[in-house]
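Colleague: Place chain B on chain A using the hints.
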Amino acid sequence: GENVEQHPSTLSVQEGDSAVIKCTYSDSASNYFPWYKQELGKGPQLIIDIRSNVGEKKDQRIAVTLNKTAKHFSLHITETQPEDSAVYFCAASGTDSWGKLQFGAGTQVVVTP
Amino acid sequence: NAGVTQTPKFQVLKTGQSMTLQCAQDMNHNSMYWYRQDPGMGLRLIYYSASEGTTDKGEVPNGYNVSRLNKREFSLRLESAAPSQTSVYFCASMDLRGGREQFFGPGTRLTVL
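Listed in order, the protein sequences are those of chains A and B.
In this text, residue positions in the first sequence follow the numbering used here: the first is 0, and each later residue adds one.
In this text, residue positions in the second sequence follow the numbering used here: the first is 2, and each later residue adds one.
Hints listed in this document are in silico derivations from the structure and should not be mistaken for laboratory results.
Calculated cross-link-like contacts (lysine-lysine; reagent style DSBU-like; alpha-carbon spacing at most 30 Å):
id, chain 1, residue 1, chain 2, residue 2
1, A, K70, B, K58
2, A, K41, B, K58
3, A, K56, A, K41
Covered by chain B, according to a simulated footprint, are these stretches of chain A (three or more residues, beta-carbon under 8 Å):
id, segment
4, 36-49
5, 93-100
6, 103-110
The beta-carbon is built from N, C-alpha and C at its ideal position, and this holds for glycine as well.
Excised from the complex, chain A in its bound form (with noise of 0.2 Å):
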């Protein structure tokens, strides 16, 4: 089945720089890739996905590139601000898998003012 790693676990910035949060999928049929973000106390939502088909997808202030080569997948957030603070968890899926997601462990970012 589908293995998701994610790096890294924990991730400290200042107020202002970005944050970079790598997964690495091992099967090569995904081709679904979504990011989520968890606050502390609350259910997982969505902030952006990306399809195997798309090389890069950006939302504002945050960004989602994704190698089907290499078989990595990254989030990118700019001009971070203190309520960015939260879980990120990335994921993969495929097309005939009913919408299961197999997810990454997750990385804790903390930013600082």
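Modeller: Below, chain B without anything else, positioned relative to chain A:
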């Protein structure tokens, strides 16, 4: 729209006791999922229901049972709770015909003594 709701929010059980975690969604989604979240391990899929009337095992189904009561509701049952089932449980729903985003509930924090 309440989205995905879960009850209870917190629960403490003794080893061997049973309980049912309830989940409901009001978005008319056909697919529903149960995950558990443990420190350093991300979210792991317990069971899922691709559509009303069907349920299937996920990555960690042992010790759990599920019921897809109707299109809105998907319950998770622990027949004989064990300390290893101490975790935070999340329910999610998705429209398989839509954009593949999973919507998560607020979670149930379960402690088994």
